[in-house]
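K.L.:
Sequence:
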Amino acid sequence: MSSKAPKSKATIMDIAKVSGVSKSTVSLVLNNSELVKPETAENVRKVAAQLGYIYNRSAANLRQGISNIIGVVVNDLTNTFYVELLIGAERKLLESNFTTLLAHTAEDHALQQQVIVTMREHKIAGLIICPTFDTSPELVSMLKKWGVPFVTVMRSLEGEVCDFVSADNRLGIQLLTQHLIDLGHKEIGFIGRHTGYSVSLERLQGFKDCLEKNGLACNEQWIIDGPISREGGKLGIAQLLDLEHKPSAVICYNDLIAIGVLSELDRRGLKAGRDIAVVGGDGISESEYCSPPLTTVAHQPEKLGEIASELLLTRIKKPEAPPLKFLLKPKLIVRESCGSQNLNKYKNND
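Counting in numbering that gives the first Met the number 0, the sequence shown runs from 0 upward without gaps.
Source of the hints: derived by calculation from the structure; they are not laboratory data. This one's a predicted model, so the numbers in the text were calculated from it and none came from an experiment. Some hints could be false.
Below, a list of computed lysine-lysine pairs in the BS3-like style, where the Cα atoms sit at most 30 Å apart [as the list claims (entries may be wrong)]:
| id | residue 1 | residue 2 |
| --- | --- | --- |
| 1 | LYS22 | LYS316 |
| 2 | LYS91 | LYS143 |
| 3 | LYS144 | LYS91 |
| 4 | LYS317 | LYS302 |
| 5 | LYS207 | LYS328 |
| 6 | LYS330 | LYS302 |
| 7 | LYS22 | LYS8 |
| 8 | LYS324 | LYS91 |
| 9 | LYS317 | LYS91 |
| 10 | LYS22 | LYS143 |
| 11 | LYS328 | LYS233 |
| 12 | LYS144 | LYS185 |
| 13 | LYS122 | LYS143 |
| 14 | LYS207 | LYS185 |
| 15 | LYS328 | LYS212 |
Take the sequences, apply the hints, and build the full model.
P.N.:
Right, here's the structure in full:
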């Protein structure tokens, strides 16, 4: 019984013969070089497709000592904010013919260290990292020692100078606080983690600064420290509602917490914007579809991701350039959860 021998894989030489060009020209085309005439490049790609040629980019990069892989390390993909940030970062990288190697650390410092080491072994061209809560500034020293270009996102590492992209966290909370004060609220609570890292400290300080600016006292009993999650929001608002003297409004560290707050209010037969004003922060897409729709500040996570990628691509091209810090200005988005439709209700409580 006879059997056909397996068909051999197409090679660069095969493409060159059929296309009528040199092997080096084919190589230039496969590497997206602009040195080849567009019509020639189109013909070479057409022949390569017809022959079923698959370009081994990893092997080519290894030979040339370069890589088109960017590592992206994200701390919390259960938070839609970081999912949207990732979408923006990846889109911008693809435009420059880079692909992403993604890792989710779930706020685990040891896992973060492990995946970064693994990414280095895969010869990444650069790294975008949203650090875990307890990330040591030594991470920056390690990456610099390795010669890996990198950008940190949202959480700055104290004492270290490196490329950094974030929302203006303090301004975002100030916009929310001022909006509630303008509605007539004088007793405002805050739910969210406020110890341990830069973003939490900035957001809480923005809240306190705005109260002080308006001559209002900050009631520490109304500042609830808890997990940055939907469950954290449910537990936080439960604590406030169980107090004898309750605030008339609550600012949530982010939209995720605010969504949990809305859920607990609904469970108790209460409604945000009617019984208590609720605002979030970050401006994730889900906030628009809450019940009621959530007042928040848009930190534009997709835009932040794009900017992070742009900074990294610049760092790869210009490794000796001075580090850059970029803060994206937030925008207040007013919806029903703050009770702006009940403006007179709060002002009549004076």
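K.L.:
Below or equal to 30 Å on CA atoms is what counts here, so check LYS22 against LYS8.
P.N.:
holds, 16 Å
K.L.:
With the threshold set at 30 Å, check whether the alpha-carbon distance from LYS91 to LYS143 stays at or below it.
P.N.:
The hint holds at about 24 Å.
K.L.:
Hint check: LYS324 vs LYS91, CA-CA at most 30 Å. Holds or violated?
P.N.:
It holds: about 19 Å lies between the C-alpha atoms, which stays within 30 Å.
K.L.:
Check the hint pairing LYS22 with LYS143 against an upper bound of 30 Å on the C-alpha distance.
P.N.:
Distance ~38 Å between LYS22 and LYS143 Cα, so the pair is violated.
K.L.:
Please work out if LYS330 and LYS302 have their alpha carbons no farther apart than 30 Å.
P.N.:
Holds, at roughly 13 Å.
K.L.:
Between LYS144 and LYS91, does the CA-CA distance stay at or below 30 Å?
P.N.:
OK: LYS144 and LYS91 at ~27 Å, within 30 Å.
K.L.:
Within a Cα-Cα threshold of 30 Å, do LYS317 and LYS302 meet the stated pairing?
P.N.:
holds, 22 Å
K.L.:
Given the hint that LYS328 pairs with LYS233, does the C-alpha gap stay at or below 30 Å?
P.N.:
Given that 30 Å is the threshold and the Cα spacing comes to 29 Å, the pair holds.
K.L.:
Take the C-alpha atoms of LYS317 and LYS91, compute the straight-line distance between them, and say whether it is at most 30 Å.
P.N.:
Judged against 30 Å, a Cα distance of about 18 Å means the pair holds.
K.L.:
Straight-line Cα separation of LYS22 and LYS316 no greater than 30 Å?
P.N.:
Holds: LYS22 and LYS316 sit about 28 Å apart, inside 30 Å.
K.L.:
Below or equal to 30 Å on CA atoms is what counts here, so check LYS207 against LYS328.
P.N.:
Judged against 30 Å, a Cα distance of about 19 Å means the pair holds.
K.L.:
Given the proposed pairing of LYS122 with LYS143, does the C-alpha separation stay at or below 30 Å?
P.N.:
Holds, at roughly 15 Å.
In terms of the numbered hints stated before, the structure departs from hints 10 and 12, listed from lowest to highest.
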